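Given the coordinates of chain Y, assemble chain C onto it according to the supplied hints.
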Amino acid sequence: MSKVIDGCGISGIMSTKKNLIPGSEIVTSIDSMNFRYNGLGGGFAGYGIYPDYKDYYAFHLNFENQEARTKTENYLYESLRVIDDEPIPVRKSELIDDTKSISWRYFVGPPRDIENTDDYIVKVVMHINENIPGAHVFSSGKNMGVFKAVGYPKAVADYFRIEDYSAYIWVAHGRYPTNTPGWWGGAHPFNILDWSVVHNGELSSYGTNKNFLEMWGYKCTLITDTEVLAYLFDLLVRRHNIPVEIACNVMTPKFWSEIKSDNSLKGKALQALRMTYGGAIVNGPFSIIVATNNFMFGLTDRVKLRPMVAARKDDRLYIASEECAIRSVCENPDLVWAPRGGEQVIAYMKEVT
Amino acid sequence: MQIDAKGLNYKELNRKLKEFILKDEAKEIDIVNVNGHRYIGTGLESSKAIIRLHGVPGNDLAAFMDGTSIFVYGNAEDGVGNTMNAGLVVIHGDARDVVGYSMRGGKIFIKGNVGYRAGIHMKAYKNRFPSIVVGGKAEDFLGEYMAGGIIVILNRNNEKHPVGKFTATGIHGGTIFVRGKVSEETLGIGAEIDVPNEEDLKILKELISEYSSYFQVNEDLAGLEFTKIHSKSHRPFGKLYILE
Numbered sequence: 002m003s004k005v006i007d008g009c010g011i012s013g014i015m016s017t018k019k020n021l022i023p024g025s026e027i028v029t030s031i032d033s034m035n036f037r038y039n040g041l042g043g044g045f046a047g048y049g050i051y052p053d054y055k056d057y058y059a060f061h062l063n064f065e066n067q068e069a070r071t072k073t074e075n076y077l078y079e080s081l082r083v084i085d086d087e088p089i090p091v092r093k094s095e096l097i098d099d100t101k102s103i104s105w106r107y108f109v110g111p112p113r114d115i116e117n118t119d120d121y122i123v124k125v126v127m128h129i130n131e132n133i134p135g136a137h138v139f140s141s142g143k144n145m146g147v148f149k150a151v152g153y154p155k156a157v158a159d160y161f162r163i164e165d166y167s168a169y170i171w172v173a174h175g176r177y178p179t180n181t182p183g184w185w186g187g188a189h190p191f192n193i194l195d196w197s198v199v200h201n202g203e204l205s206s207y208g209t210n211k212n213f214l215e216m217w218g219y220k221c222t223l224i225t226d227t228e229v230l231a232y233l234f235d236l237l238v239r240r241h242n243i244p245v246e247i248a249c250n251v252m253t254p255k256f257w258s259e260i261k262s263d264n265s266l267k268g269k270a271l272q273a274l275r276m277t278y279g280g281a282i283v284n285g286p287f288s289i290i291v292a293t294n295n296f297m298f299g300l301t302d303r304v305k306l307r308p309m310v311a312a313r314k315d316d317r318l319y320i321a322s323e324e325c326a327i328r329s330v331c332e333n334p335d336l337v338w339a340p341r342g343g344e345q346v347i348a349y350m351k352e353v354t
Numbered sequence: 118m119q120i121d122a123k124g125l126n127y128k129e130l131n132r133k134l135k136e137f138i139l140k141d142e143a144k145e146i147d148i149v150n151v152n153g154h155r156y157i158g159t160g161l162e163s164s165k166a167i168i169r170l171h172g173v174p175g176n177d178l179a180a181f182m183d184g185t186s187i188f189v190y191g192n193a194e195d196g197v198g199n200t201m202n203a204g205l206v207v208i209h210g211d212a213r214d215v216v217g218y219s220m221r222g223g224k225i226f227i228k229g230n231v232g233y234r235a236g237i238h239m240k241a242y243k244n245r246f247p248s249i250v251v252g253g254k255a256e257d258f259l260g261e262y263m264a265g266g267i268i269v270i271l272n273r274n275n276e277k278h279p280v281g282k283f284t285a286t287g288i289h290g291g292t293i294f295v296r297g298k299v300s301e302e303t304l305g306i307g308a309e310i311d312v313p314n315e316e317d318l319k320i321l322k323e324l325i326s327e328y329s330s331y332f333q334v335n336e337d338l339a340g341l342e343f344t345k346i347h348s349k350s351h352r353p354f355g356k357l358y359i360l361e
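Residue numbers (this note's numbering), protein chains in the order written: chain Y, 2 to 354; chain C, 118 to 361.
Isolated chain Y, as found in the complex (with noise of 0.2 angstroms):
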């Protein structure tokens, strides 16, 4: 009787002067939808919280025993140069169970010889995700961190102290899963170095995406179909030096009934990236929240079977499942839009000085 149908939700909030914004905002925020989730899995990403270690990757570690911290920790020490590392602290909770849970971050730099640091340590997360058994990355970014478990998000908020942290972006996630596990490691958000995704929604092209992923050395190992969207990103803009705005075009692309005639500079561009990036094209119902430390962007799939609200406030982009998560933390908005399908929402750090 009591069984509601329903689905993930999202939240992100960014300030583009940098202003910190503190975690309580974000869990307001999130959890103002929590009608949405059924509890197995929320989680948050901060960017901007670890200023006093901003050059160095920050490791989010989640081992599911010693043993696997064990083994992680020698290959850590092996192949990169620990600087810190300590427990991430939380508060014990009956709403969360962290028997199988072990929480740690390692703040790293590569070996001093290496030409493409941020190649080496995707290869390197790799490496634990897919031959560490129990030991998962859950982000590797710079001065970011993702906090992710299998609970309500308030309940995950509280046991990870989402209130002790400050950030410039916020992104959150409240789950409802519909083809995969309620585990850890599919909570979002999902992150390969400075990229976290959140998603509401599936992705139907998942299988296509992971082969294509897999030719270029990304390893999907965490059972859930957001994962793809974290590499892909990495792939695209990173080391194919595509912009993120055409990057989002090769995942949501015109239809081809809307290019196939189109022979303009532009036409032919739109076709050749269809035809080269058939792999990266995102299919199925989404709406993704996407953030780096330099801007946070919102996309749906095309034809916008996904919800998805945004707003500006003086210095503040907020995307949202819902507006009533944007009000929830925003009462006046300056501007209050819903996004079309497939078109980006984009806002970017301005230089602060």
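If you are wondering where the hints come from, they were derived from the structure by calculation, not from laboratory data.
Please read these numbers as outputs of a predicted model, since none were measured by experiment.
Keep in mind that the hints are not guaranteed to be accurate.
To be verified - Capping the alpha-carbon separation at 30 angstroms, the derived lysine-lysine pairs in DSS-like fashion look like this:
id, chain 1, residue 1, chain 2, residue 2
1, Y, 261, C, 277
2, Y, 314, Y, 19
3, C, 240, Y, 261
4, C, 277, Y, 267
5, C, 298, C, 240
Only chain C this time, still in chain Y's reference frame:
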């Protein structure tokens, strides 16, 4: 009578509202601090009650509603008037996706814009005849699989594209009126463009006058030219699955 929705979840709020209407359905009620509360007005049958919502009501406002008038002072979220049977919804703002989903009676007036799939699968039956009037523009798939009733897009901001792509895809009944020109390319399969007739203009005039009364409109909207969109034939897909 006033209810403060702050701190109430949608179940608590809807229970309070229902209790109130069962007690005295002739009265008016204001609900303040509405923010994302879902299913407000679901299944309400009272023909006399008036509900005023201050804030942003959540998904499926007035779902299955069978009477009652709801006035929203703010934007609405997805699914306004889902399978609504009778009554009135007036929104002093925008509404999001799937407005009037499978609506089969009553009226919805929206001051601003609507999102995707407004009027999807609307239908009319005997004395039931649903109407949606939108002051601004509509996004893609307006009137998808529409089977009956009327949708009016007033485009008061004179947008270049008052309706989106795939308008009236799969339409097989009912009518869409759009103020200004609509290009053939924006139409979906099964739809065609026409000119409003005398009878259409009479209905349009009445709906526009009602819209204007709710939102204090000063400009003369009735004197403008409308494009009519309807289905190409009575049963455009009657032979879709028949091998000839």
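Status of each hint after checking the structure:
1. Y/261 - C/277: holds, 24 angstroms
2. Y/314 - Y/19: Holds. Residue 314 of chain Y to residue 19 of chain Y sits at ~14 angstroms (cutoff 30 angstroms).
3. C/240 - Y/261: Judged against 30 angstroms, a Cα distance of about 36 angstroms means the pair is violated.
4. C/277 - Y/267: Cα-Cα ~22 angstroms, so holds.
5. C/298 - C/240: holds, 25 angstroms
The earlier numbered hint that this structure contradicts is number 3, and it is the only one.
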